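With chain A held as given, fit chain B onto it using these hints.
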Amino acid sequence: MEQRAKIKFSTKLFLGTILIYLIVAVFNFSLAQEAFINFLSMLVRIIPVLLIVFIIMIFTNLYFTKERANKYLGKNSGLKGWFYAMISGIIISGPPYILYPLLGEMKRKGVKDSLIAVFLFNRNVKIPFIPVMIYYFGLNFTIILSVYIVFFSILNGVIVSKFSSNKI
Amino acid sequence: MNKEINLKKAIFKSVDTMKGSLPIMFSILLLINLFNLFGKDYYSKIFSGNLISDSFIGAIAGSFSFGIPITSYIVGGELLKEGISLIAITAFIMTWTTVGVAMLPLESKYLGKRFAITRNLVNFIFSIIIAVLTVVTLRIF
Numbered sequence: 001m002e003q004r005a006k007i008k009f010s011t012k013l014f015l016g017t018i019l020i021y022l023i024v025a026v027f028n029f030s031l032a033q034e035a036f037i038n039f040l041s042m043l044v045r046i047i048p049v050l051l052i053v054f055i056i057m058i059f060t061n062l063y064f065t066k067e068r069a070n071k072y073l074g075k076n077s078g079l080k081g082w083f084y085a086m087i088s089g090i091i092i093s094g095p096p097y098i099l100y101p102l103l104g105e106m107k108r109k110g111v112k113d114s115l116i117a118v119f120l121f122n123r124n125v126k127i128p129f130i131p132v133m134i135y136y137f138g139l140n141f142t143i144i145l146s147v148y149i150v151f152f153s154i155l156n157g158v159i160v161s162k163f164s165s166n167k168i
Numbered sequence: 169m170n171k172e173i174n175l176k177k178a179i180f181k182s183v184d185t186m187k188g189s190l191p192i193m194f195s196i197l198l199l200i201n202l203f204n205l206f207g208k209d210y211y212s213k214i215f216s217g218n219l220i221s222d223s224f225i226g227a228i229a230g231s232f233s234f235g236i237p238i239t240s241y242i243v244g245g246e247l248l249k250e251g252i253s254l255i256a257i258t259a260f261i262m263t264w265t266t267v268g269v270a271m272l273p274l275e276s277k278y279l280g281k282r283f284a285i286t287r288n289l290v291n292f293i294f295s296i297i298i299a300v301l302t303v304v305t306l307r308i309f
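Top to bottom, those sequences are chains A and B. Mapping of the first sequence onto my numbering: position 44 corresponds to residue 44, and the numbering continues sequentially without gaps. Mapping of the second sequence onto my numbering: position 70 corresponds to residue 238, and the numbering continues sequentially without gaps.
Chain A extracted, bound-state conformation:
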């Protein structure tokens, strides 16, 4: 249900953007044209990177499924659960409106708040998208940021579980 609503939103956003362009074009055609040409040249630059992302995405979706995450983050996962939460957050992709129902279901089955928080924080380190980050920000930046995200995800899990209902 939510997925359908979200797709609707993205289509609305796209149509709204086209409408803004059309309005700008009516008043200042050359400005809209310049912006659109800039967009196209940006698109040409990022298409090869998007293709690499797509291929890596297929492999991660093939080998790291939601069922596996559920298995490793279960009630009795212990310390290993923290490790698996990190790895799952990094590897499993998907927009929040798909992940929240899944995580809600896992929470009902006994997965701790701390592990859910760790999982969600590590979503920012996405293996398939790393080529794009390196392309724009460089390898050093990508490594440093990723290390900080993984480190802070543990603190995040501890603090969130302390203040929410389900303790560590």
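Worth flagging that the hints you see were computed from the coordinates, not collected in a lab. One or more of the hints may lead you astray.
[What the hints assert, rightly or not] Once the Cα atoms are required to be at most 25 Å apart in a straight line, the calculated DSS-like pairs of lysine-lysine come out as:
1) B:K187 x A:K109
2) A:K107 x B:K181
3) B:K281 x A:K107
4) B:K181 x A:K71
5) B:K281 x A:K162
6) B:K177 x B:K187
Fair warning: this is a prediction, and the values are worked out from it, not measured in the lab.
Chain B only, in chain A's frame:
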């Protein structure tokens, strides 16, 4: 046979993710290219280069945006070329994925209100700290 089915599933899932993300990605990039033509001169006034204020503004912008992380990398990378500070972009990238104001009702529904509010607040603060630490560390190396 099973492997074939799994591969097909993986391809469909990847296509689905891309298909859902592309309209948002394209819209944001189209809008950025349009606003860049208007706002280029104002960026330097909004982003002064101050570690804290730049990261705070970047974090606020990211908190109200959402989508898969790749969109934030592309948007952030393009804004960086326009002269916006790396610290603001880093905070923006961080909150894009870890803080979701628009998604708060949905997160509350499935994971609990208290969890959602605490997580988003902690993530907002952590995003600013991580942005500052990343840029400072990058300067050292």
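Could you tell me which of the numbered hints above are not met by this structure, giving the numbers in increasing order? Violated: hint 1 alone.
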